[in-house]
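Got chain V; can you put chain G on it based on the hints?
First to last, the protein sequences are chains V and G. Following UniProt numbering, the numbering of the first sequence begins with 1 at its first residue and continues without gaps. Following UniProt numbering, the numbering of the second sequence begins with 1 at its first residue and continues without gaps.
It is worth saying that the hints were derived from the structure and are not from the lab.
Subject to a maximum C-alpha distance of 20 Å in a straight line, what follows is the list of computed SDA-like cross-link-like pairs (lysine to any residue):
1) Lys15(V) <-> Trp85(G)
2) Lys160(V) <-> Tyr170(V)
3) Lys6(V) <-> Thr67(G)
4) Lys157(V) <-> Glu27(G)
5) Lys6(V) <-> Met15(G)
6) Lys156(V) <-> Lys19(G)
7) Lys55(V) <-> Leu42(G)
8) Lys6(V) <-> Lys62(G)
9) Lys62(G) <-> Val81(G)
10) Lys19(G) <-> Tyr71(G)
11) Lys160(V) <-> Phe23(G)
12) Lys62(G) <-> Leu8(V)
Derived Cβ-Cβ restraints for the label pairs, each shown as a range:
13) Gln39(G) <-> Asn82(V): 48 to 54 Å
14) Thr49(G) <-> Lys160(V): 24 to 30 Å
15) Gly94(V) <-> Met43(G): 54 to 60 Å
Each residue gets a CB set at the ideal place from its N, CA and C atoms; glycine is no exception.
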Amino acid sequence: MWIYEKKLEYPVHIKSKDLKMAKLLVAQYGGPDGELGAAVRYLNQRYTMPTGKTKALLNDIGTEELAHVEIIATMVYQILHNATPEELKQAGLGGQYVQHDNAPFPTDVNGVPWTAAYIATLGDPVTDIHEDMAAEQKARATYEHLIALTDEEDIKKVLKFLWQREVVHYQRFGEALVDIYEYLDSKNVFDMSIKKEKSAE
Amino acid sequence: MDNMYFGNMSRSDMMKRIKELEFAVIELNIYLDNHPMNQQALMDFNKFTKELMALKEKYEEKYGMLTNFGYSQSQYPWTWVNEPWPWESGE
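Here chain V stands alone, though its shape is the one from the complex (with noise of 0.2 Å):
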């Protein structure tokens, strides 16, 4: 279950209409390495955790990024809500205007909607850890990029936010993973496909 908390976890009020910005913006969206998979990514990998903690951290880490989805989307609808057709054409938002009118919809930058294909699961949990400690770094270096292509001051200060709670998450994911080695050294077992073979026995 899940409720909704009428606020973001971090304010956004972007003044400029920096439209160029925005169709980049939903890298971070719909992207390989956006939010939106973040939040899918660890939300469906939970079930198969091996321990409570693990569980906790998936399912907590998963609802996090549901909110950093929130925040990017927030950033890409208040730059495009007041832009003309014309504005958005000469943004090269021209096929955005088409499809989605002003809308906000989770794309890459090339306007490639969301797939599942961008996440993995193989349910076994070192595994799927090494997946998530990539993908936060993948989205660390996706914010740096992102920062170093805008000047606007109302912007970056909300991705240097959201760059360091990939640095945050990473090291969770870290502690994670050592403790699931650790869990499985407990068991006696090298790794979990060991682990099933023992069981099945």
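Just chain G now, kept in the frame of chain V:
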């Protein structure tokens, strides 16, 4: 935390403090997921959560519901539908 403590705060100050407290609580929450035996982190989590809950209750009394599905009550008429929504206000 009593009403006196929050009495002089403006709406934007209250929302800013809610965001600060919730940020601290999120950080402590995911830390505690990995370190459930850390008593200092747990005490901090409980302390900030107590202040956060009291402040949210006060905010909701004045400005309407922050949470749906039975996590807060509403004055008449139903405040959940009040605008602006977070993506509009940026808050």
